[in-house]
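Trainee: Here's the letter readout for the chains.
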Amino acid sequence: MAAILGGLPAPALAFVYLVAGVLFIQGLRDMTHPRTAPRGNLISAGGMALAVGVTVLVTDILSPILLFAGLLVGGAVGVWLATTVETTEMPQLVGLFNGFGGGASALVAGAELIDMFGTGSFQIGVTATAALAGIIGSVTFWGSVVAAGKLHGVVDDSAVRYSGEQAVKALFLIAAVLAGAHLVTRPNLLGAVPLAGWVPSYWVLVAAASILGVLLVVPIGGADMPVVIALLNSYSGLAAATTGFVLDNSVLIIAGTLVGASGLILTVIMCESMNRSLANVFFGGLGETSESDEEMEDIYEGNITTTSPEEVEMTLDVADRVVIVPGYGMAVAQAQHAVAELAELLEGEGVDVEFGIHPVAGRMPGHMNVLLAEADVPYEKLRDLEEINPTFSQTDVVIVIGANDVVNPSANDAGSGPLAGMPVLNVGEARTVIVNKRSLSPGFSGVPNPLFAQDNTNMLFGDGKEMMQELVNIYKENH
Amino acid sequence: MTFVQNLTFFVLAAFVGYEIITKIPTNLHTPLMSGANAISGITLIGSVVVAGSGSTTLATALGFLAVVMATVNVVGGYLVTNSMLEQFRSGDDRRGRD
Numbered sequence: 001m002a003a004i005l006g007g008l009p010a011p012a013l014a015f016v017y018l019v020a021g022v023l024f025i026q027g028l029r030d031m032t033h034p035r036t037a038p039r040g041n042l043i044s045a046g047g048m049a050l051a052v053g054v055t056v057l058v059t060d061i062l063s064p065i066l067l068f069a070g071l072l073v074g075g076a077v078g079v080w081l082a083t084t085v086e087t088t089e090m091p092q093l094v095g096l097f098n099g100f101g102g103g104a105s106a107l108v109a110g111a112e113l114i115d116m117f118g119t120g121s122f123q124i125g126v127t128a129t130a131a132l133a134g135i136i137g138s139v140t141f142w143g144s145v146v147a148a149g150k151l152h153g154v155v156d157d158s159a160v161r162y163s164g165e166q167a168v169k170a171l172f173l174i175a176a177v178l179a180g181a182h183l184v185t186r187p188n189l190l191g192a193v194p195l196a197g198w199v200p201s202y203w204v205l206v207a208a209a210s211i212l213g214v215l216l217v218v219p220i221g222g223a224d225m226p227v228v229i230a231l232l233n234s235y236s237g238l239a240a241a242t243t244g245f246v247l248d249n250s251v252l253i254i255a256g257t258l259v260g261a262s263g264l265i266l267t268v269i270m271c272e273s274m275n276r277s278l279a280n281v282f283f284g285g286l287g288e289t290s291e292s293d294e295e296m297e298d299i300y301e302g303n304i305t306t307t308s309p310e311e312v313e314m315t316l317d318v319a320d321r322v323v324i325v326p327g328y329g330m331a332v333a334q335a336q337h338a339v340a341e342l343a344e345l346l347e348g349e350g351v352d353v354e355f356g357i358h359p360v361a362g363r364m365p366g367h368m369n370v371l372l373a374e375a376d377v378p379y380e381k382l383r384d385l386e387e388i389n390p391t392f393s394q395t396d397v398v399i400v401i402g403a404n405d406v407v408n409p410s411a412n413d414a415g416s417g418p419l420a421g422m423p424v425l426n427v428g429e430a431r432t433v434i435v436n437k438r439s440l441s442p443g444f445s446g447v448p449n450p451l452f453a454q455d456n457t458n459m460l461f462g463d464g465k466e467m468m469q470e471l472v473n474i475y476k477e478n479h
Numbered sequence: 480m481t482f483v484q485n486l487t488f489f490v491l492a493a494f495v496g497y498e499i500i501t502k503i504p505t506n507l508h509t510p511l512m513s514g515a516n517a518i519s520g521i522t523l524i525g526s527v528v529v530a531g532s533g534s535t536t537l538a539t540a541l542g543f544l545a546v547v548m549a550t551v552n553v554v555g556g557y558l559v560t561n562s563m564l565e566q567f568r569s570g571d572d573r574r575g576r577d
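Chains A and B, in that order, give the protein sequences.
Counting along the first sequence from 1, when you hit position 371 you're at 371 in this note's numbering, and nothing is skipped either side.
Just remember that this note's numbering sits 479 ahead of the position in the second sequence, which is counted from 1.
These are calculated hints, taken from the structure and not from any lab test.
Don't take every hint at face value.
To be verified - Keeping only pairs whose Cα atoms sit at most 16 Å apart, straight-line, the calculated EDC-like set for lysine to aspartate or glutamate is:
hint	chain 1	residue 1	chain 2	residue 2
1	A	K476	A	E313
2	A	K381	B	D572
3	A	K381	B	D571
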């Protein structure tokens with residue numbers, strides 16, 4: 001293989017990498033509009049094919065069969081996972097892919113170290129960046145595996161907190177940093193005493209960082225997953241970028257950094273949407289219920305109005321404008337198709353229907369948008385928080401389906417509750433609010449929702465999919 | 480290349496990334512994340528290099544494993560992003576299709 005382009009000079013290779021980098025940037029630029037986004041994804045994939053292809057061609061490959069076996073196995077697994085996934089399993093799949101990228105970076109750094117130590121040359125720039133790639137890559141891999149496990153329901157998705165938690169995490173971080181320091185300083189300080197061929201201190205670092213990755217994500221509850229997934233996405237990019245420093249490879253640095261920036265921006269957006277700091281998400285104690293059950297009963301007692309699909313249909317009959325607010329409950333019930341059908345029926349009768357989507361509704365950034373897109377809801381109908389909030393006062397009916405904390409008006413009150421200051425959808429300003437939920441149980445924040453007790457709120461208790469389907473059927477009968 | 484040259488790439492790419500990503504609407508955040516995720520599979524290049532040139536069996540084995548993982552990331556990532564994006568349609572498209 002190497003013979004084909006083996007003589008390709010370094011500047012030519014660097015030029016091809018530059019082209020690949022430009023394709024990645026253009027691909028991301030096309031992501032700014034749904035119409036151009038599919039093309040952007042293709043352009044980005046083209047950049048990847050180009051960069052990988054040329055690398056395979058110019059690298060002196062000692063064992064081409066092994067390399068192609070690896071590409072084939074990985075490609076087959078990737079195709080299989082991507083084509084068999086259910087839309088509802090999308091968050092955990094994205095999380096898992098993410099972890100694989102990070103894990104690969106950690107392994108590459110390790111293999112490169114072994115190679116370098118084998119030749120007896122120790123470059124501090126390489127050992128230091130390899131240590132960094134090892135830590136970030138391992139945290140990304142194990143953190144993503146745990147996050148995917150939580151999203152898939154195989155790992156307990158509640159916020160698991162224990163005493164001394166921060167100290168334990170700090171301990172493993174220190175262990176990883178110490179192993180990294182050993183890796184960097186020892187060959188230089190004691191140049192005459194080479195490390196064992198397999199570079200043991202690197203693997204100590206990987207082990208410590210792996211445990212750290214698990215410990216970081218285990219305590220985080222399901223509703224904070226959008227932040228975690230976005231941050232791990234950023235890490236996988238940073239791991240690739242640091243690997244680029246190890247291998248002196250420009251396209252790795254450019255592409256990895258783009259991903260790192262993208263993940264970081266999403267992380268910041270998610271945090272701002274919850275009015276919480278990143279530190280609070282990772283180390284804070286949300287989930288400690290601040291209100292007792294009795295207080296909850298006090299708020300709800302005698303103030304809850306329940307309704308039925310028949311009554312909801314009558315309310316919708318006289319509505320001119322309806323806003324649907326979905327939450328994670330819609331994803332769980334897989335009610336998006338029934339919801340979309342209802343929206344289409346209403347539109348057919350001349351009703352103005354829009355969807356109000358909170359940035360952290362669901363389990364990953366933009367989760368609700370993907371689900372509704374799958375159900376063929378046009379993207380013009382999907383409105384974000386800033387756009388939809390001013391319109392609630394002119395809205396006849398709001399249907400909240402499977403959302404709780406993101407429509408909790410107590411977030412607007414000055415106070416110190418877990419939700420205080422979080423931007424929420426002010427659905428209570430609409431003439432009538434229909435809330436479809438299984439029960440009155442609190443959301444992730446653990447605080448009661450005064451919205452449910454409001455005079456203009458009617459509770460439609462039951463499974464989201466069943467209720468929406470029933471509503472659709474009744475609506476069809478009467479129109 | 481020197482460390483400083485690499486750092487130059489890093490810093491400039493970070494600014495470019497910031498400028499582009501902040502313009503992407505919330506609607507597309509999941510495909511963005513998934514697509515960016517596929518790009519982070521660029522580490523496949525590094526995997527190919529070490530898998531191909533590994534001087535010891537251990538380095539080659541690690542490289543092989545890295546190639547498998549990174550390829551899953553790349554291939555799966557682009558495919559999933561593509562199928563997600565295919566579903567984003569505007570009202571006009573929908574009317575056109577019906």
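Trainee: Work down the list of hints and note, for each, if the structure agrees.
Mentor: Going down the list of hints, with the structure as the test:
1. Taken as a hint, the K476 of chain A and E313 of chain A pair is honoured in the structure, with Cα atoms around 10 Å apart against an allowance of 16 Å.
2. At most 16 Å may separate the alpha-carbon atoms for a hinted pair to count; K381 of chain A and D572 of chain B meet this at roughly 13 Å.
3. Using a Cα cut-off of 16 Å, the hinted pair K381 of chain A and D571 of chain B holds, with the two alpha carbons roughly 12 Å apart.
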